[in-house]
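Participant: Hints in hand, dock the two standalone chains.
One-letter residues, chain by chain:
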Amino acid sequence: MIGRLYLALIFLFVCGPAAMILFDSFNSATSFPSPFEHITLHWYLAILDHDEFLEAMRISAIVAAAAAAIATVLSVPAAYALTRRKLRGGHALATLLVGPLLVPQIVMGLAMLQLLSLAHIELGLGGLIAVHAVYVMPFTVRLALTGLAHFNFALIEAAKSLGAGRLRTVWHVTLPLIRTSVIAGFTFAFILSFVDLPLSLFLTTPRTATLPIQVFAYMESRLDPLVAAVGALVLAAAIGLTLTLERVFRLRIAG
Amino acid sequence: MAILQPSGISSAAPHPRAARATLSRWERVSGRRPLFALPWRAYLPLAPALVFLIVFLLLPLGATVWLSLSPNVLIKFDGPGLANFSYLLGKPYYLDVLWRTLRLAAITTAVALLLGYPAAWFLRDLSARAASTLIIALTFPILAGPLVVVLGWMILLSDGGPLFGPLVRHGLIGPVRLLGTEAAVVVGQVHFTLPFVVLTLFAALKQIPVDALEAARSLGAGRVQVLRHVVWPLSLPGVLSACLIAFSLAASSYVSPHYLGGAATLTLTTLIAQFITATYNSQLASAAAVMLLIVMAVIVFGFTKATARAVRI
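Chain order of the listed sequences is A and B.
Here the first sequence is numbered in my numbering, starting from 1 and rising by one per residue.
Here the second sequence is numbered in my numbering, starting from 1001 and rising by one per residue.
There could be a bad hint or two in this list.
Chain B stretches covered by chain A per the calculated footprint, using a threshold of three residues with CB under 8 Å from any CB of chain A [as the list claims (entries may be wrong)]:
| # | region |
| --- | --- |
| 1 | 1054–1064 |
| 2 | 1087–1094 |
| 3 | 1131–1143 |
Chain B is faced by these chain A residues, among others (derived, beta-carbon under 7 Å) [as the list claims (entries may be wrong)]:
| # | residue |
| --- | --- |
| 4 | A18 |
| 5 | L22 |
| 6 | S75 |
| 7 | I106 |
| 8 | L110 |
| 9 | Q114 |
| 10 | L118 |
| 11 | V134 |
| 12 | I191 |
| 13 | V195 |
| 14 | P198 |
| 15 | V215 |
| 16 | A217 |
| 17 | A228 |
Rather than coming from a laboratory, the hints here were simulated on the basis of the structure.
For each residue, glycine too, the CB sits at the ideal point set by N, CA and C.
So that you can see chain B by itself, here it is in the shape it has in the complex (with noise of 0.2 Å):
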């Protein structure tokens, strides 16, 4: 994830394991109990955090699940049950809005580690300033947050915008309409996750030694090689943190399909919101909430087991 980090405080302090070892010394001469029988006080600055999150985040995702399997207006049915799921997942309409969560989810992360990879490759070979100024200029569409993303997107991919306006105009293609279909969707979805991508990738790629390109170069591997054969494989690891990222922020996200595309391009996050500013039906809601929850645990789960082997090289 995106997050600044300070450089240039640390100068002064001394390598943390040499403080760990002064402090163990100190409290060994002053007989102090030893570093690992831990005294409970020690987890009490961590309470009022764990509480909050408790109390705030997952006491309300408890009440979700619960009102998920509780009757609603349209289903009645006795007790908690699953009817809710069943009612969802036996509507080829809502199959579809599953379906399209994944597969808008699935190409926005491919597109976006295509774009991320060479771009993060490319960040390596700059100077360190210069890297890191490209590397704000990433962040900026972050912060500044969906409504500029959005807006910026309508006016870009409208008919009469910068991008096909001219081209229109001139005769060389036919009115396009962009805005509203799931093309829309994943130029947004793609837009926002790149950063992530390239943040992630940088980091990665970063971490190889120039001696090894230099090694395989020097043994005669030619460019394309030495990008097979050595970049390829250390960068691995890298590669799938940076799908995960990327698939979880895309199957998450709300203000593309919503905005830049529609009705429809309803996706679980967009329906949702149907569910509760529509028709507010906040059993249905809950029970999508929960789909979308468990889905995604399912994919990222399942990709992290099935590529275990591969990062492990």
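Okay, chain A solo, but in the shape it has when bound (with noise of 0.2 Å):
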């Protein structure tokens, strides 16, 4: 009893915040934060007339897409050689790959501007994606490995015996069999990539501007209800997208 009692602090404690931002999306009060006056649909209207907006939703999504894409196409191979067999230094190397999540982002950050500027270039989408590719490594890659745990290596022998080339084996034995982690992979690379802030802070450009660089830049000319509208929005796609995974795919997210 007073253990649920005390999950359900924690749940609050833990959820509240996010309860707070869905809440106040709905208030007609003109400041941010402030009480609640009475309910209305207004802000999120009021999201279509901010271009600003939409074009970071639009680059944002970009860049999630394409650095969950370049980390998933890296990591199956890669999970797929630590576990077809027992590797020399396979350890080492499985350390190196999920290495990334030890290294502060801002300091990833950090890191691919200097790289940049030393080399002259330009900042652009180019390496705002390498830098999102590089953080959300570790967890395509731990879940490439989940799922090829439990991969029955033989039947690519079987595919081979039977006549069937490299590419085909791939397509169509290997990949439908880890298809689920692969996705999972995805999305979940996809979700952190497209809510992350400190990775994208020193760069992005005007142009280039994520949705939550855009959000808090909003933040320090003005504050209404229109920033909680927002991040009820990113909220809901996140839950909706974790919810299907676990739904469809009969994914668990545990530790």
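Facilitator: In structure tokens, the structure reads:
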């Protein structure tokens, strides 16, 4: 009984801020944060009038999709090589692949900025996508490794002995069998990249501002529940994607 | 780390060891090389990922280290040197920043552990279904990102907000000013690290067999004694890795110190940002970044060494 109560409190603490965002996005008050007046959809409609937010959503979606795609395409073969056979130094290589987790994101963004300026490359989407891909790679690697943990490699040999070429084996045998974790890895990476702020802090220009950057830039000049409405949309999308994954692919989130 | 784990897809596949055994037998029959004399081609699929990390992580970090050793407009010196570091370490203002970074990270770790341990313990009692639902709920704030978290706490911690507003209005407490203080930063950091801590501790506590608890109880141990002499020692490895995760997450967090704190709660991460956005001194920013990396590495390494004996029980 005490346990349930305690867990409920923890749940409140963890999800409270998100609930407040949802709640406040319907607030008709004109400043943020401020006490609730009455319910309105005004702020959601107002997003449509702010081209900069729509453009930022587009940029964030491009960056997140590209970064997640790059990370997935790079990590699936790597995870395959690590699980297929016991490689000498395999443990060290696996550690290296999840290494980006240990580097603070702000340092990753700074490092990319330094490299670009030393190489005299102008800021653009490229650097942004590269640093996001590095950041999400540990997650796609981990998911690909879990997906391959129970993979029956004898099936590959079976396909080969039946005359399938390398590509055909990959396309018709390997990928369909690990599809779930590959899709989960991609989605997870997409969400993490989409909502991230510190990575992009030094790497965006006014033309390539991602959604979190744009929202916080807006908050420098004005504070109204519009930012709560944008936050609520992001929250709904993130929850929707996670629940879809959980339902459709029977995934569970665990430590 | 919170990672999605597929379930229910593996039922058809045989045990991995069985699969490997079949494979090696097949290899023996087909006259292939034995399992351990590996051709370099086995490493080939790893190459693209490793090259990518080298080019876009290690090379940039190398550039950062190099810049941190280079002269800048503020401090001129010949060739590579440590002058940027001695400049940062020589000013009480920057030493304060370093000290605050470590202090806030340590407090965050302690609070997250205190809150998270009972939560993980109680999660163990729930049915598998209820536990996994709650765990998914715990990861929502991580997936919703800093935007939602910061905005939410700005509402909750504000003077007129739902937490303090009613109390202030009824004159029960004076106006509180939490936003912009270190307490607000700790709240934000605890909020972000707690899910990771609970997940790590839950994984560790789940490993403790029920038999061990029942054995202790049947030998006459009370509830507290079981927790102290059975559960706690067995969960120590999990506690230590939860500490490391919480500390590194807190020390490298940028959003909480910047948006819930501010100028008064400068940490190494926000100092880096300030060097870039306010003064554009990329050498000092690099030096601060290298300092953050070194401090984190030293603490993680030192902590692991110091607690190595406690874990080996």
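Participant: All hints, please: hold or fail.
Facilitator: How the hints compare with the structure:
1. 1054–1064: holds (count 7)
2. 1087–1094: violated (count 0)
3. 1131–1143: holds (count 10)
4. A18: holds (5 Å)
5. L22: Violated - the Cβ of L22/A stays beyond 7 Å from chain B, reaching only about 9 Å at its closest.
6. S75: holds (6 Å)
7. I106: holds (5 Å)
8. L110: With a closest approach of 5 Å, the L110/A hint holds.
9. Q114: holds (4 Å)
10. L118: Result: holds, 5 Å to nearest chain B Cβ.
11. V134: holds (5 Å)
12. I191: holds (5 Å)
13. V195: Result: holds, 2 Å to nearest chain B Cβ.
14. P198: This hint holds: P198/A lies near chain B, its Cβ roughly 4 Å from the closest one there, short of 7 Å.
15. V215: holds (6 Å)
16. A217: violated (12 Å)
17. A228: holds (6 Å)
In this structure, the hints that do not hold are numbers 2, 5 and 16, in rising order.
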